[in-house]
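Undergrad: Taken in order, the sequence shown gives residues -18 to -1, 1 to 100; the numbers are from mature numbering (1 follows the signal peptide of the UniProt record, and there is no 0).
Just so you know, these hints were derived from the structure itself, not from any lab.
Each hint should be verified, as a subset may be incorrect.
[Unchecked claim] Straight-line C-alpha distance at most 20 Å; calculated EDC-like pairs for lysine to aspartate or glutamate: (1) Lys83 x Asp33; (2) Lys80 x Glu44; (3) Lys80 x Asp33; (4) Lys53 x Asp87; (5) Lys48 x Glu85; (6) Lys83 x Glu44; (7) Lys48 x Asp87.
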Amino acid sequence: MKKLYATIGLFLASLVSAQVPQAFSYQTIAFNAAGAPIANGNVSLRISILDNAANGTVLYTETQNKTTNAKGLVNLNIGQGTATTGNFGAINWGTNAKFVKVEMDPAGGSNYTNVGVN
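Throw the hints in and build the complete structure from the sequences for me.
TA: Structure representation (C-alpha cells):
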C-alpha cells in the first residue's frame, strides 16, 4: 500500500512541476509627451510577444487598460489581458528567444506608440 501511495504522489508531483504559468508580471512607468510620469492616470497598453528577434514574428498580442500610481508605475500580468492575436497558452517558451514589445496610449485610447522591446 505504501508503494501505491508513493507512486501516486510521484505522479501528482510530476503533473504539478510540468505546469507552465499562464501569465507573468511586468512593470513599467508611463510618461507623457513632455517626459513627465503620468500620475494616477488611465493608460492603454498593447503588449506583444515576439519570436526570435526584437522585430520577429508576433506570437501573441493583448491589450490592457490600467491606472498608474502616484509615480506613474503600472503593474501588469502579461497573459491576462484581452487577446487580439494568438493564444498565450500556446506559446512554446522552450524554442528561440522571446521578446516583449510594449506600446502605450497615454490618453487611455487605442493610438499606441512603441515604448520599448525587451
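Undergrad: Quick one, are Lys80 and Glu44 close enough, alpha carbons at most 20 Å?
TA: holds (15 Å)
Undergrad: For a C-alpha distance cap of 20 Å, please report whether Lys53 and Asp87 respect it.
TA: holds (17 Å)
Undergrad: Between Lys48 and Glu85, does the CA-CA distance stay at or below 20 Å?
TA: At roughly 13 Å apart (the allowed maximum being 20 Å), Glu85 and Lys48 satisfy the hint.
Undergrad: Straight-line Cα separation of Lys83 and Asp33 no greater than 20 Å?
TA: Holds, because 11 Å separates the two Cα atoms, which is no more than 20 Å.
Undergrad: CA of Lys48 to CA of Asp87, is that 20 Å or under?
TA: Cα-Cα ~11 Å, so holds.
Undergrad: Has the given pair, Lys83 with Glu44, been kept, meaning a C-alpha gap of at most 20 Å?
TA: Between Lys83 and Glu44 the Cα gap is close to 11 Å, so the pair holds against 20 Å.
Undergrad: Decide if the proposed pair is consistent with the structure: Lys80 and Asp33, CA atoms, cutoff 20 Å inclusive.
TA: holds (5 Å)
Checked against the numbered hints listed earlier, the structure breaks none of them; every hint is satisfied.
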